[in-house]
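Asks: Chain residues, written in single-letter form:
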Amino acid sequence: AQTVTQSQPEMSVQEAETVTLSCTYDTSENNYYLFWYKQPPSRQMILVIRQEAYKQQNATENRFSVNFQKAAKSFSLKISDSQLGDTAMYFCAYLNNNAGNMLTFGGGTRLMVKP
Amino acid sequence: DSGVTQTPKHLITATGQRVTLRCSPRSGDLSVYWYQQSLDQGLQFLIQYYNGEERAKGNILERFSAQQFPDLHSELNLSSLELGDSALYFCASSVRWSGELFFGEGSRLTVL
Numbered sequence: 051a052q053t054v055t056q057s058q059p060e061m062s063v064q065e066a067e068t069v070t071l072s073c074t075y076d077t078s079e080n081n082y083y084l085f086w087y088k089q090p091p092s093r094q095m096i097l098v099i100r101q102e103a104y105k106q107q108n109a110t111e112n113r114f115s116v117n118f119q120k121a122a123k124s125f126s127l128k129i130s131d132s133q134l135g136d137t138a139m140y141f142c143a144y145l146n147n148n149a150g151n152m153l154t155f156g157g158g159t160r161l162m163v164k165p
Numbered sequence: 013d014s015g016v017t018q019t020p021k022h023l024i025t026a027t028g029q030r031v032t033l034r035c036s037p038r039s040g041d042l043s044v045y046w047y048q049q050s051l052d053q054g055l056q057f058l059i060q061y062y063n064g065e066e067r068a069k070g071n072i073l074e075r076f077s078a079q080q081f082p083d084l085h086s087e088l089n090l091s092s093l094e095l096g097d098s099a100l101y102f103c104a105s106s107v108r109w110s111g112e113l114f115f116g117e118g119s120r121l122t123v124l
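These protein sequence lines are chains A and B, in that order.
Just so we're aligned, residue 51 is where the first sequence starts under my numbering, counting upward by one.
Just so we're aligned, residue 13 is where the second sequence starts under my numbering, counting upward by one.
By construction, these hints were calculated from the structure, which means they are not laboratory data.
Check the hints yourself; a few may be wrong.
Stated by the list, open to error - Below are the DSBU-like pairs computed for lysine-lysine, each with C-alpha atoms no more than 35 Å apart in a straight line:
#  : chain 1 : residue 1 : chain 2 : residue 2
1  : A       : K123      : A       : K164
2  : B       : K69       : A       : K105
3  : B       : K21       : B       : K69
4  : B       : K21       : A       : K128
5  : A       : K120      : A       : K105
6  : A       : K164      : A       : K120
7  : B       : K69       : A       : K164
8  : A       : K105      : A       : K128
9  : B       : K69       : A       : K128
10 : B       : K21       : A       : K120
11 : A       : K105      : A       : K123
12 : A       : K164      : A       : K128
13 : A       : K123      : B       : K69
Working from the sequences, and respecting the hints, build out all of it.
Replies: Set out below in structure tokens:
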């Protein structure tokens with residue numbers, strides 16, 4: 051079974067600085083998707099960024115970028131120019147179409163952006 | 013707004029009772045997924061339906077059941093409720109091979 055591990059339960063960063071959240075996963079599949087979801091205090095699950103495993107280029111969405119290392123099964127999220135609104139839980143997730151399109155989530159990292 | 017609608021948003025009930033949570037997927041999405049999130053924990057997959065049929069099952073208790081109706085909305089039934097069932101229950105939907113799930117705002121269940 052696929053597993054997703056986030057080794058940092060909590061992190062903090064000063065406003066305007068850069069922070070990196072770690073994620074590793076375990077799979078024997080070659081084709082899959084990886085995601086980072088943000089869950090603010092409102093509890094809504096918001097998609098931050100996605101990466102297709104067959105793409106070598108790291109995905110980027112404005113201030114958010116990933117470092118996808120397929121051989122190492124690592125998928126970290128970098129947030130640049132951190133803003134107070136980035137304060138939230140961040141979940142890494144894995145999806146394999148061969149497994150019914152089901153998302154497997156990591157345990158989450160609580161990020162606090164300090165003014 | 014993800015386009016996925018869940019009702020009710022909040023529900024408080026007593027142990028031993030039964031509740032039904034409802035989910036309307038995005039227009040055109042055939043797959044519906046149910047996830048459970050206990051306090052400050054990750055999301056645990058419960059069950060998936062595709063076009064009315066059960067497609068995948070996760071760690072769903074026997075006291076819980078779900079179905080997807082012909083109009084594609086889904087219901088999650090929780091019975092003989094226990095204190096530990098208190099959680100946020102998310103519904104998500106997707107186009108079959110889109111590689112992306114869209115989440116509703118969740119239904120917060122409190123069992124007293």
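Asks: Determine for every hint whether it applies to the structure shown.
Replies: These are the hints, each one checked on the structure:
For the hint pairing A:K123 with A:K164, the CA-to-CA distance comes to about 31 Å; that is within 35 Å, so the pair holds. Restraint check for B:K69 and A:K105: the C-alpha separation of about 29 Å stays at or below 35 Å, so the hint holds. Distance hint between B:K21 and B:K69 is fulfilled; the C-alpha atoms sit about 24 Å from each other, no more than 35 Å. A hinted pair counts as satisfied when its Cα atoms are at most 35 Å apart, and B:K21 with A:K128 qualifies at roughly 32 Å.
Distance restraint check for A:K120 and A:K105: the Cα-Cα separation of roughly 10 Å lies within the 35 Å cut-off, and the hinted pair is therefore satisfied. Among the hinted pairs, A:K164 with A:K120 is consistent with the structure: their alpha-carbon atoms are about 32 Å apart, no more than 35 Å. A distance of roughly 40 Å separates the Cα atoms of B:K69 and A:K164; the hinted pair therefore is violated under the 35 Å criterion. About 18 Å separates the Cα atoms of A:K105 and A:K128, which keeps this hinted pair within 35 Å; it holds.
Distance check on the hinted pair: B:K69 and A:K128 sit about 33 Å apart at the alpha-carbon level, within 35 Å; holds. The straight-line distance between the Cα atoms of B:K21 and A:K120 is roughly 39 Å, outside the 35 Å bound, and the hint therefore fails. Taking the CA atoms of A:K105 and A:K123, the gap is near 14 Å; set against the 35 Å cutoff, the hint holds. For a cut-off of 35 Å, the pair hint linking A:K164 to A:K128 stands: about 17 Å separates their Cα positions.
Proximity of A:K123 to B:K69 is assessed by CA-CA distance (about 25 Å); at most 35 Å being required, the pair is judged to hold.
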